[in-house]
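Student: Okay, here's what each chain looks like letter by letter:
Number of protein chains: 2
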Amino acid sequence: MTSPASADLDLTQDVALLTAALIDAKSVSGEETALADAIERALRAQTSLSVVRDGDAIVARSGLGRSERVILAGHIDTVPLPTVDGARGTVPSSWDGEPGEGTLWGRGATDMKGGVAVQLALAARLFPAAGTHDAGASPAAPASPARDVTFVFYDHEEVEASKSGLGRLAANHPDLLAGDFAILLEPTNGTVEGGCNGTLRVEATTVGEAAHSARAWMGRNAIHAAAPILARLADYFPATVTVDGLDYRESLNAVGISGGTAGNVIPDRCTVTINYRFAPDKGIEEAEAAVRTLLEGFEVVRTDGAPGARPGLNHPAAAAFVAVVGRDPLPKYGWTDVARFSQLGVPAVNFGPGDALLAHKDDERVEAAAIRECLASLEAWLRA
Amino acid sequence: MTSPASADLDLTQDVALLTAALIDAKSVSGEETALADAIERALRAQTSLSVVRDGDAIVARSGLGRSERVILAGHIDTVPLPTVDGARGTVPSSWDGEPGEGTLWGRGATDMKGGVAVQLALAARLFPAAGTHDAGASPAAPASPARDVTFVFYDHEEVEASKSGLGRLAANHPDLLAGDFAILLEPTNGTVEGGCNGTLRVEATTVGEAAHSARAWMGRNAIHAAAPILARLADYFPATVTVDGLDYRESLNAVGISGGTAGNVIPDRCTVTINYRFAPDKGIEEAEAAVRTLLEGFEVVRTDGAPGARPGLNHPAAAAFVAVVGRDPLPKYGWTDVARFSQLGVPAVNFGPGDALLAHKDDERVEAAAIRECLASLEAWLRA
Numbered sequence: 001m002t003s004p005a006s007a008d009l010d011l012t013q014d015v016a017l018l019t020a021a022l023i024d025a026k027s028v029s030g031e032e033t034a035l036a037d038a039i040e041r042a043l044r045a046q047t048s049l050s051v052v053r054d055g056d057a058i059v060a061r062s063g064l065g066r067s068e069r070v071i072l073a074g075h076i077d078t079v080p081l082p083t084v085d086g087a088r089g090t091v092p093s094s095w096d097g098e099p100g101e102g103t104l105w106g107r108g109a110t111d112m113k114g115g116v117a118v119q120l121a122l123a124a125r126l127f128p129a130a131g132t133h134d135a136g137a138s139p140a141a142p143a144s145p146a147r148d149v150t151f152v153f154y155d156h157e158e159v160e161a162s163k164s165g166l167g168r169l170a171a172n173h174p175d176l177l178a179g180d181f182a183i184l185l186e187p188t189n190g191t192v193e194g195g196c197n198g199t200l201r202v203e204a205t206t207v208g209e210a211a212h213s214a215r216a217w218m219g220r221n222a223i224h225a226a227a228p229i230l231a232r233l234a235d236y237f238p239a240t241v242t243v244d245g246l247d248y249r250e251s252l253n254a255v256g257i258s259g260g261t262a263g264n265v266i267p268d269r270c271t272v273t274i275n276y277r278f279a280p281d282k283g284i285e286e287a288e289a290a291v292r293t294l295l296e297g298f299e300v301v302r303t304d305g306a307p308g309a310r311p312g313l314n315h316p317a318a319a320a321f322v323a324v325v326g327r328d329p330l331p332k333y334g335w336t337d338v339a340r341f342s343q344l345g346v347p348a349v350n351f352g353p354g355d356a357l358l359a360h361k362d363d364e365r366v367e368a369a370a371i372r373e374c375l376a377s378l379e380a381w382l383r384a
Numbered sequence: 001m002t003s004p005a006s007a008d009l010d011l012t013q014d015v016a017l018l019t020a021a022l023i024d025a026k027s028v029s030g031e032e033t034a035l036a037d038a039i040e041r042a043l044r045a046q047t048s049l050s051v052v053r054d055g056d057a058i059v060a061r062s063g064l065g066r067s068e069r070v071i072l073a074g075h076i077d078t079v080p081l082p083t084v085d086g087a088r089g090t091v092p093s094s095w096d097g098e099p100g101e102g103t104l105w106g107r108g109a110t111d112m113k114g115g116v117a118v119q120l121a122l123a124a125r126l127f128p129a130a131g132t133h134d135a136g137a138s139p140a141a142p143a144s145p146a147r148d149v150t151f152v153f154y155d156h157e158e159v160e161a162s163k164s165g166l167g168r169l170a171a172n173h174p175d176l177l178a179g180d181f182a183i184l185l186e187p188t189n190g191t192v193e194g195g196c197n198g199t200l201r202v203e204a205t206t207v208g209e210a211a212h213s214a215r216a217w218m219g220r221n222a223i224h225a226a227a228p229i230l231a232r233l234a235d236y237f238p239a240t241v242t243v244d245g246l247d248y249r250e251s252l253n254a255v256g257i258s259g260g261t262a263g264n265v266i267p268d269r270c271t272v273t274i275n276y277r278f279a280p281d282k283g284i285e286e287a288e289a290a291v292r293t294l295l296e297g298f299e300v301v302r303t304d305g306a307p308g309a310r311p312g313l314n315h316p317a318a319a320a321f322v323a324v325v326g327r328d329p330l331p332k333y334g335w336t337d338v339a340r341f342s343q344l345g346v347p348a349v350n351f352g353p354g355d356a357l358l359a360h361k362d363d364e365r366v367e368a369a370a371i372r373e374c375l376a377s378l379e380a381w382l383r384a
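Protein chains in written order, with full-length UniProt numbering: chain A, 1 to 384; chain B, 1 to 384.
Treat the hints loosely; a few may be bogus.
Chain copies aren't distinguished; within one or between two, either way the pair holds.
[To be verified] Straight-line Cα separation of at most 20 angstroms, SDA-like style, residue types lysine to any residue; simulated pairs: (1) Lys26 with Ala87; (2) Lys282 with Arg302; (3) Lys26 with Ala290; (4) Lys361 with Thr205; (5) Lys361 with Ala211; (6) Lys282 with Ala239; (7) Lys361 with Val84; (8) Lys282 with Val301; (9) Lys361 with Met218; (10) Lys26 with Pro92; (11) Lys361 with Leu81; (12) Lys163 with Asp304; (13) Lys282 with Arg215; (14) Lys361 with Thr12; (15) Lys361 with Thr261; (16) Lys361 with Ala210; (17) Lys26 with Glu158.
Please keep in mind that the hints were generated in silico from the structure rather than gathered at the bench. What you are looking at is a predicted structure, and each value in this text was computed from that prediction instead of being measured.
Excised from the complex, chain A in its bound form:
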């Protein structure tokens, strides 16, 4: 084991303790530089990977010349710290009991410094720097990875999409993101969650004619005119679509409504904001067409949208990985960066330690055992 003086992070320590060290290196979006520096130094010093830095993103690639290349990706930023006194999902981290055992609390514990710790530990275990392997502790040298691996660490995931470090990498260095299959180490409780639903936002607007409400018959009520929009949304039964063997449950919802100017004026305008989460069997144009069909007769304007991602589980590398994990894969409902890989032509799944429902919460935490289990599954797969 080594503890290089040139790096703050010891990638060879227990992966749960490494997670705690990563939490302690506070890295709210926009303030990732110190952590990115530490990760870059550690990768250069403790692994044989070739490292490229772009802003606060780091790409570290192996060069074994294998026929397949897989990508392991994770963001290093977190949402802001809790503002509630006594919240444990903060910085520095804390343990229930002995360090390294049980539950680890802290900002980023589940989203997603546990996943980043697994990436870093894998990098050090699979691709140790020359002379750092302690042959004595492991008489039978472990198998060399069967696939080349690209590790991607990126900034600005928890903020507006335009700032995304992964988006910037895709624009500046698409070659560095080439691969046959990608795993995003977002929290999935150790289950493979394939692809993701797309998301589309539209505004449906009704237009009426203003009048004094004491003489309502002189106007036309735009809020009343919106009744069929709400009725159609309320009556709509969202589909569940099977894509590559996973069942994607869709949803179509009004997420906002506004209308009216004053308590004595017949409203001349009412706007319903609608969010359609659509299965990855369709593109964003198809999704928009479906909403337009449902709301036929109403003015519909797209305001926002991002395509989903197919799970890609039909790829051999993905199938092998699912077999190693040994659990039935699930569909991912929320939009994640797997969609960016999908757009680059790389099938991608989510797989990481921790519970996504604890993400961004004041009681954010992760189990040490879950982090180790995740590391073990990935290492077993990559060495197979």
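Given chain A's structure and the hints, the job is docking chain B onto it.
Tutor: Here is chain B on its own, set in the frame of chain A:
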């Protein structure tokens, strides 16, 4: 004719020219004092009425000892001046053509300095100060009024109800507002408009359960739940109710709707603001009960309301007045201060020169002939 040095206003001049003088005495709500001073001085100097001042309201009463007393009331304030360059509904006033003929433009022309001018002219003609009557110009002295008259001039009508000068008078001096019948000289194009509809505002709220919109089935959508509220309002066919011979057209409308907290959150609350304009055959409690019945199953909270006023045309004084005007009376739809008289037990109608639809407009104006016609009708009735 007299032109008292102690007063700025000559109440005996042509009533259209008097209207112009009143417009020129700018009196936006809250700035009525100078005009109230001038009116008080003129009434004291040029009439035999007994005058009481309360704030910027003035009550001037005759004491003929007649068996009936009628009230003529009007507010002396206006909405603010137009802010648009070149608008003619401003101060000072202006004429199309010769002063006193044709169209008079200015803030308050229709709402309601024309009506106030008619009140002041009537006061001077019916109840001239001792020694001011020019017998030479009118060899047959006009008949003395058959009814006692109370003239009410009040402030703060164009602002929130709590500031109303008429409301203050009703609280401080209910005795001064006693009478058998009241005419409010709001603009009605010279037609008697009887009573007024009441107004009720309620909020109907739906409550759901928030969830991420990517997992909509974890929540309940409060906006969708509001669909039946809008459908019932849209399908509702408002009644027309005949009260004392006038047809009151009701209306029931959503005047506002809001719901939703973010583009990716299932809304847990949606509030529809509803305004019911109800005929004066019912009180506010009955009106609220009707809305609750229509929206059965939904949470309904009353936020605001004011009862309407029956037209009171069955009163002999009212019937005589309608006969003198010689036009079919109409119902009043908007809420006006006749409702305050109604609450004091005094039947009241609206009758005044000018078009109510020009009130508050940048092109506010009134016809000189309409002002004179209004004065003639009232004088004929009061001398009958």
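Student: Using 20 angstroms as the alpha-carbon threshold, which applies to Lys361 and Thr205: within, between, both, or neither?
Tutor: For Lys361 and Thr205, the Cα distance exceeds 20 angstroms both inside one copy (35 angstroms) and across copies (29 angstroms).
Student: If the cutoff is 20 angstroms on CA atoms, where do Lys361 and Ala211 land: within, between, both or neither? Let me know, please.
Tutor: between (47 angstroms within a copy, 14 angstroms between copies)
Student: Can you tell me if Lys361 and Thr12 fall within 20 angstroms by alpha carbon in one copy, between copies, both or neither?
Tutor: neither (29 angstroms within a copy, 79 angstroms between copies)
Student: If the cut is 20 angstroms between Cα atoms, do Lys282 and Ala239 qualify within a copy, between copies, both or neither?
Tutor: within (12 angstroms within a copy, 50 angstroms between copies)
Student: Should Lys361 paired with Ala210 be assigned to within, between, both, or neither, using CA atoms and 20 angstroms as the limit?
Tutor: between (45 angstroms within a copy, 15 angstroms between copies)
Student: Up to 20 angstroms between alpha-carbons, please classify Lys282 paired with Val301: within, between, both or neither.
Tutor: within (19 angstroms within a copy, 44 angstroms between copies)
Student: Could you place Lys361 and Met218 in one of the four classes (within, between, both, neither) given a Cα distance threshold of 20 angstroms?
Tutor: between (51 angstroms within a copy, 17 angstroms between copies)
Student: When no copy is named, should Lys26 and Ala290 be tagged within, between, both, or neither for a Cα gap of at most 20 angstroms?
Tutor: neither (43 angstroms within a copy, 60 angstroms between copies)
Student: At most 20 angstroms between C-alpha atoms: does Lys26 with Pro92 qualify within a copy, between copies, both, or neither?
Tutor: This pair counts as within: shortest intra-copy Cα distance 8 angstroms, inter-copy 68 angstroms.
Student: Check Lys26 against Ala87 for me: Cα-Cα at most 20 angstroms, and say if that holds within a copy, between copies, both or neither.
Tutor: Cα proximity of Lys26 and Ala87: one copy only (16 angstroms, versus 62 angstroms across).
Student: Using 20 angstroms as the alpha-carbon threshold, which applies to Lys282 and Arg302: within, between, both, or neither?
Tutor: within (16 angstroms within a copy, 47 angstroms between copies)
Student: Is it within, between, both, or neither for Lys361 and Thr261, if the alpha carbons may be no more than 20 angstroms apart?
Tutor: between (37 angstroms within a copy, 18 angstroms between copies)
Comparing the model with each earlier hint shows violations of hints 3, 4, 14; every other hint is respected.
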